[in-house]
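Given these sequences and hints, build the entire structure.
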Amino acid sequence: MAAPRNLTGDAGRLLRDEENAKEDDSPTGKRPKFERFPLNRWEFSAAVGVFLVFSTGLFCIYLTMPAAEYGKIKLPRTISDIRMLKDHLASYAKNHPAQFILGYCSTYIFMQTFMIPGTIFMSLLAGALFGVIRGILLVVFNATAGASSCYFLSKLIGRPIVSWMWPEKLRFFQAEIAKHRDKLLNYMLFLRITPTLPNLFINLASPIVDIPFHIFFLATLIGLVPASYITVRAGLALGDLKSVKDLYDFKTLSVLFLIGFVSICPTLLKRKRIYE
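Each residue of the sequence shown is one higher than the last, beginning at 1 in UniProt numbering.
Incorrect hints may appear among the rest.
To be verified - Straight-line alpha carbon distances no greater than 20 Å define the calculated SDA-like cross-link-like pairs of lysine to any residue that follow:
#: 1; residue 1: K183; residue 2: I230
#: 2; residue 1: K242; residue 2: S80
#: 3; residue 1: K94; residue 2: Y62
#: 4; residue 1: K94; residue 2: L236
#: 5; residue 1: K94; residue 2: R77
#: 6; residue 1: K94; residue 2: G131
#: 7; residue 1: K169; residue 2: L197
#: 8; residue 1: K86; residue 2: I222
#: 9; residue 1: K94; residue 2: R134
#: 10; residue 1: K183; residue 2: I222
#: 11; residue 1: K183; residue 2: L236
#: 12; residue 1: K179; residue 2: P212
Just so you know, these hints were derived from the structure itself, not from any lab.
Given below as structure tokens:
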């Protein structure tokens, strides 16, 4: 009599498993893609620790600014925010250039390190306050420093995050890096100059696919100059700018892809010789 009970129990278990599988396959029964947080306890603690260190440093820098300026400082999210910041901070940037640049750089690097959107507005602000030459130098320095900081943060905890958020894009990027390994700097320049892949993804994925830091640094330093020039120059004419989308029209994108194509030409020519 025991055997039939066991058989019945097994059959019932199998039936329940099949029903659960059908529920999981149904549109309402599918598990959310991001149900499981990708970081383990140590990785999460490391991320929080790094964030707290950066936040404390940023807070201490802001304490050096005159109290009257606190109410005028906010992270820009729109073109109108940039216009107001320019009006509020123009005299302060002129009278206290060292303090302002320190606060600007620390904010930009902080946002770039922790993937906080809005650095394009900070670039517009640099153009509005400092002009083209100084604005480009400031933006390229901060973008490179922030990207480098993000690179090392990703080296510490980035693999599970990127694999969790962009698994297919990561596999594609890894395959492309393997193809262009012999001319990696040229390929990275192409990626930095053109909007082929988002800069955020490149910053996070580069250490995961074993791009050496010196290649990453040089490609970032040089490759961000064209886009920085476009953004900083647009900051000089905020009154004519209605949206961030106006920055990258067809003509601008064509120029960026042309520059990017020139940078990757050595790779394409070498591959052609190999196949010949």
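Okay, the hints, checked on the actual structure:
1. At roughly 27 Å between alpha-carbon atoms, K183 and I230 are farther apart than 20 Å, so this suggested pair is violated.
2. Distance check on the hinted pair: K242 and S80 sit about 9 Å apart at the alpha-carbon level, within 20 Å; holds.
3. Between K94 and Y62, the direct Cα distance comes to roughly 17 Å. Compliance with the 20 Å bound is thereby established for this hinted pair.
4. Restraint check for K94 and L236: the C-alpha separation of about 16 Å stays at or below 20 Å, so the hint holds.
5. For the hint pairing K94 with R77, the CA-to-CA distance comes to about 23 Å; that exceeds 20 Å, so the pair is violated.
6. Restraint check for K94 and G131: the C-alpha separation of about 13 Å stays at or below 20 Å, so the hint holds.
7. Distance hint between K169 and L197 is fulfilled; the C-alpha atoms sit about 9 Å from each other, no more than 20 Å.
8. Using a Cα cut-off of 20 Å, the hinted pair K86 and I222 is violated, with the two alpha carbons roughly 28 Å apart.
9. Distance hint between K94 and R134 is fulfilled; the C-alpha atoms sit about 13 Å from each other, no more than 20 Å.
10. Distance check on the hinted pair: K183 and I222 sit about 16 Å apart at the alpha-carbon level, within 20 Å; holds.
11. Pair hint K183 plus L236 does not hold up; C-alpha atoms about 37 Å apart against a cutoff of 20 Å.
12. A hinted pair counts as satisfied when its Cα atoms are at most 20 Å apart, and K179 with P212 qualifies at roughly 16 Å.
Consistency note: the structure conflicts with the earlier hints numbered 1, 5, 8 and 11.
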